[in-house]
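Start from the sequences and build out the full structure, keeping to the hints where you can.
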Amino acid sequence: MNRSLACLAALALAACAEEPQRPPLMPASPPVPPPATAAAPAPDPAPVVDGDVTTASVSGIQVIVQRVPGAAFAAGQLYVRGGTRNWTAQNAGIEQLAFRVAATGGTKTLEKTAFSRRLASLGANISGDARNDFSGLYMKAPVSAWDDAFALLADVFQQPALPASEIEVARTQALAQLHHEQEDPEGQLWTLERKQLFTGHPYANRPIGTIDSMTALKAEDLGPYLDKLRETSRLVFVAAGDVDPAHVIDQVRKAYGSLPRGSYADTPLPPISFATPHIVLQDRKLPTNYCEAAFPAPRWSDPDWVTGLVAISGYSWRLWQEVRTKRNLTYAVGAYVNQSFASPFGLMTVSAVDPNTAMKVMLDEAKRMQNEPMPAEELAGFKSVYLTGYLTGHETPDGLAYSLADAQLYGGDWHMARTLPDRVRAVTAADIQTFAKKYLGHLQAAVVGDSSKIDQALFTSL
Amino acid sequence: MRTHILLSLTAAALALPATALAAPVPLVHHVCPDGLEVVVSEMHATPLVTVEIAAHEGAMTEDDKFNGVSHLYEHMFFKGNAAQPDQTAYMQRLRSLGMEFNGTTDTERVNYFFTTTSDHFADQMTFMRDAIATPLFDPKEFERERVVVTGEIDRNESEPSYHLWHSVEQHVFWKYPTRKDALGKRSSVLAATVDMMRTIQKRYYVPNNSILVVTGDVKADDVFAMADKIYSGWTKADDPFKKFPIPEHPPIRASEVLLIPQPVEDLTGAMVWMGPNSVGPTAKDTYAADLLSQLTGDPGSRFQKTLVDSGLCVGVGLSYSTQRHTGNIELDVEATPDKVDSCIAAAVAELPKLKSADYFADEELKNAVHRIEVGRALSRETSGGRAHSITWAWTFSTLDYDAGYEANLEAVTRDSIAGVLDRWVLGKPFVLGAMASQKTLDAGLTEEHLGKLVGVTVKPKAAAAKAGAK
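So the sequence lines, in the order shown, correspond to chains A and B.
In this text, residue positions in the first sequence follow our numbering: the first is 1, and each later residue adds one.
In this text, residue positions in the second sequence follow our numbering: the first is 1, and each later residue adds one.
Everything labelled a hint here was simulated from the structure, so no lab data went into it.
Hints may be right or wrong, so weigh each one.
As the list claims (entries may be wrong) - Stretch-level coverage of chain A by chain B, calculated; a stretch enters the list once three of its residues show a Cβ under 8 Å from a Cβ in chain B:
hint, stretch
1, 112-123
2, 170-176
3, 277-290
4, 293-300
5, 339-353
6, 391-400
7, 429-437
Cβ atoms here follow ideal geometry from the backbone N, Cα and C, with glycine treated the same way.
Here you go:
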């Protein structure tokens, strides 16, 4: 048990496991052309080289490769689009279960033990998960093992063994995860928040499913379910590392190019409703109270998306200073934009023994952002810190690949990953104020703790 | 003053099977006149620099009065100092330099780190120097931060797993429990004084008890020249561990079983033995202990197949934590309420089998070494990760231990693994902590029953009386 105390972590609040936070991004030049959906396959267009990034459309598969000279490791990520569009309340969890078992249970040519040993001998990792808007298989390997690791990744998607025993192990572990979530106050808080944000929305059907849906899934359903996802029109492959883009494109063609094209196209999901401020409370006897409030945020492709990232980063910094440093009302306070949804939203969050006083300061700071332009020195600092975070998120090949993939899958254009720094630098104090007026409100609050302590009118006053 | 080159962990060119790793990454080492060790690892792919300072400090230095006070000190690092009059000014300067920052307190390390773009490097270095060498400990800021730290304690106490961990550690380290409890006691945090901050500062935050690590887009010679210059006023002191040695902890007196009721669904168990130290004569066992952890954690291993793939346990892990002063060896299990007995009994029964010659195939041994080496290389891919791993090595072991790690790992044999099991686990006293729901307890789970599963005689008593939970 190694447990160190990360003491100042309040500025970077972790998102829930199913919605990991990744480095943010933004748009410019022409996006990767959407996959053709016509019945007769057209010849693939020539790859496009744009600086260190090469893109191609391979039999309808979008391929993005960033060359990173000298990198010791390389990352390959296969994305399957659809997310919550692919499942229902009844079978929620099936895609996550299928991807996880595919990544761990071996393939039709290498049973689980042999598969595991092969990966270990390469020093490679492959994992899989499902997210709200897409699913992914993620591979990382020493660059010298790229070809072998790529071949394993291809088999994981094309011909996973999906052994019944492994499905049961993964199901048991998913059920345990769902239980743990309700044991941890942060997990409970997110459950409350999610219910009020997503009721009636496709996001209500979580990738991990529910106790009921996971229990009801039949092992024999996983294979046919994955079969339906093997359409090139659903696929995006992203690689980063010291690998030859032409070689990677060729590998993608050989591995997946003969799959049926299908006719998948993302249908936009409805926006999350933020009509009237609202609060939900859950009583639990705890040493402190866990509180959060969601607010609207622009989509990736909206013009004020980057302004929002800077504004909320600055808001979070101010909360830390005003709530924690000056008034010692909490250990953990912050705000962030949850970017792991095609329909993002913001969250302000705090744990406090005196939740009303803490929340009042947080709301006063939101109003200050709405009513006063941010001083130039302060804004410059927030941008500078934000850009440092951008760089730290791009130090590894997998970090670069996640960034490109998020930009492409959420924003429709990988260039957003590249142009973010310039767009951050261009944000003005007026932009921030306009953003704050437009978005900081319609709070959907949630509290786990002593509900008798909560001034509900205050929590819903913005 | 001396400068030489160490080989980093990522270095080791494997004579082993698998895929070769990248070329060695040199760590350049230097000692300032005041005794401050400086290590630099140049990384020029991204224009970032991490500056990190760590001290041999933390829970290991704490008696009852000081329990949790190293952690409070760590918080005070981010307050006013000779250059920044208060935390508001401190934060403003951090922001203007675009710095990401944090600090951690552990049993044997307290570290502080800033990452920013390399154009700010000179200011970043000075900022670190001011923070580490000239803290003000303003009484008003101190009083405010004390409340923040108790807020952190509140959050820990809100999590069921904290109670399991805390209860087990208190019993394993029965004589000096404070020396493994970095979070510490609320009472000692509330009673801490500014004078205690000064005591810690003078005793441990001295150049000859600290390491400065700089990783990223810098040149080693520039770093050394700057370190010599800006740290020249930081005064060397006596070796704190000569005057205040860390007591070696006596062995666990007798095996114990603890039942910790918490609002959870599954049972989580932690069975803990005292393990080897990373320095001194027992250090040789640490490599085999690490390899054993890796071997048993592999999803294709016999260990996982027998315990998890069989459906007996939700999850199981065997681990060793590297420490200079008694690293734990720990068997962790999670079981659904209906399989508590079968999971725990099977897990315990599996331990002696780990010694058998055919338990791990040659290929598994080879792969496990490679996995660890790759994992170490991955932990050093980023400037921050590399800095943390270097200070981790320096505090929890030594840089020499770290530089020789791969060679020692590759020398591990089945006999060395069996030796670790014989010397530290099999037949040795342990503490088993089990966190379970009241419903599971009401269904008949008692400490006596758990004791029978693991071969410990427990005198009957009310399980609830032992609860570590609030």
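Here is how each hint holds up against the structure:
{"no.": "1", "hint": "112-123", "result": "holds (count 10)"}
{"no.": "2", "hint": "170-176", "result": "holds (count 3)"}
{"no.": "3", "hint": "277-290", "result": "holds (count 4)"}
{"no.": "4", "hint": "293-300", "result": "violated (count 0)"}
{"no.": "5", "hint": "339-353", "result": "holds (count 3)"}
{"no.": "6", "hint": "391-400", "result": "holds (count 5)"}
{"no.": "7", "hint": "429-437", "result": "violated (count 0)"}
Checked against the numbered hints above, the structure breaks hints 4, 7 and satisfies the rest.
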